[in-house]
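Participant: Spelled out from the first residue to the last, the chains are:
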Amino acid sequence: MKVYLAVFSAVAVFLLLSLAAPTYAHHGISSWFDMSHSVSVKGIVTSFDWTNPHSYLYADVKDAKGAIEKWTAEMASPAMLKRSGWRSDTLKAGDEITLVGKTSKDGKPMMLLEKIILANGQELATGQALPAGTAEGGKAPKE
Amino acid sequence: MRSGLIFPTVVLILMVALSPATRGQSSTSLPSPMPDISGVWLLEKYQPALFPKGGAPLQPWAEEKFKAANPQTNDPNLACLPEGVPRFMFVPLPLEIFQVPTRVVILHEGIEWTRQIYMNRQHLKDLDPSYSGDSIGKWEGDTLVVDTIGFKDSTWVDAGGLPHSEAMHLVERIRRIDHDTLVDNLTIDDPKAYTKPIRTQRTYKLKSGWEIEEYVCEENNKYSHKEK
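Line by line, the protein sequences are chains B and H.
146 is the number that the numbering used here gives the last residue of the first sequence; the numbers go up by one with no jumps.
1118 is the number that the numbering used here gives the last residue of the second sequence; the numbers go up by one with no jumps.
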């Protein structure tokens, strides 16, 4: 039930976001991710890239009909993650987690990860007070 | 006083009066200690755009170039190219400052780039334009004054895409205002690209115990727009 609600909420938020998305003037285009609020999805880790410039977490998330949606969560560099308590073996394939983050504006199953909640309830923030980027490229608001 | 003692007394007085100790210098004549700005520092607040609400004082051609800049598609940094200076100082990853007699060296974790500020010379003649420019520095009291020229014009001034010309002249005043806080006051003077100088400030906090780690930008870069 919880999974259903989480996924349903995520999908509902997604739809609302895509319908409500305004057409930004060129100078209003900001980041790839909707920074205005966070979304939660529950899934199973398929792989975890502990790499520069970003680490990536890949998870299979079931939608309301039980179909698998493949999610990608972008995180900071390994060095910055380590400073927030992450390690290269923090996650492995098969781990059940909840992903919380800012979702992609184009409706794709992608997010800028803020934190994960492990099956045992432990929360791990990415410590990203600062937006992710290739160093910073790509995420800065134009204005 | 006996006449025989006058001369030695005068000599003694002169020796004392003219000695380095009396004149306020140490007896070994070392220069005054250099202010210490060394350590690992991290931007206190990420401010990607110098003019978040628009209004940068751009020359017309620079305004056109700015309109064509798109942080999502054509930021040179997306291809792991260096941010260049001054954007180097705006990157939200830790940097470490080292001080050696001839240079102040800043090693930035993002993207494992280094700035060298030469303390022992003037600007080189016939500079080849570079990402970081040619930086020279001197101390004014406890403030490191850094003067940089000789820039490539392919870098962005900020993450929002503000352009600059090769004639950009950057002056920074860097000061450690307390043990844990470093402030860089930057003046970007580029009359070719801007109608007036741009002044901005960045604050960094000391990160004791942090080490600058490896950051191989091309390891798993999904944002590169380089032509293959």
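No lab work stands behind these hints: they were computed from the structure.
Keep in mind the model is a prediction, meaning the values are calculated, not measured.
Just so it is clear, CB atoms sit at the ideal spot from N, CA and C, and this is done for glycine as well.
Be aware that one or more of the hints could be misleading.
Claimed, not checked - For each label pair, taking beta carbons as the anchor points, the in silico distance ranges come out as:
{"hint": "1", "chain 1": "H", "residue 1": "ASP926", "chain 2": "B", "residue 2": "ILE47", "range": "46 to 56 Å"}
{"hint": "2", "chain 1": "H", "residue 1": "GLY1031", "chain 2": "B", "residue 2": "GLY124", "range": "49 to 59 Å"}
{"hint": "3", "chain 1": "B", "residue 1": "GLU126", "chain 2": "H", "residue 2": "VAL1106", "range": "22 to 32 Å"}
{"hint": "4", "chain 1": "B", "residue 1": "ALA122", "chain 2": "H", "residue 2": "GLY1031", "range": "53 to 63 Å"}
{"hint": "5", "chain 1": "B", "residue 1": "SER41", "chain 2": "H", "residue 2": "TRP951", "range": "39 to 49 Å"}
{"hint": "6", "chain 1": "H", "residue 1": "LYS1082", "chain 2": "B", "residue 2": "ILE47", "range": "49 to 59 Å"}
{"hint": "7", "chain 1": "H", "residue 1": "THR992", "chain 2": "B", "residue 2": "ASP63", "range": "50 to 60 Å"}
{"hint": "8", "chain 1": "H", "residue 1": "VAL1061", "chain 2": "B", "residue 2": "GLY97", "range": "51 to 61 Å"}
{"hint": "9", "chain 1": "H", "residue 1": "ALA958", "chain 2": "B", "residue 2": "GLY97", "range": "42 to 52 Å"}
{"hint": "10", "chain 1": "B", "residue 1": "GLY124", "chain 2": "H", "residue 2": "ARG1011", "range": "17 to 27 Å"}
{"hint": "11", "chain 1": "B", "residue 1": "ILE47", "chain 2": "H", "residue 2": "ASP1018", "range": "27 to 37 Å"}
{"hint": "12", "chain 1": "B", "residue 1": "GLY97", "chain 2": "H", "residue 2": "ASP1018", "range": "26 to 36 Å"}
{"hint": "13", "chain 1": "B", "residue 1": "LYS95", "chain 2": "H", "residue 2": "GLU1108", "range": "18 to 28 Å"}
Participant: Which constraints among the numbered hints does this structure fail? Numbers only, ascending.
Facilitator: 10, 11 and 12
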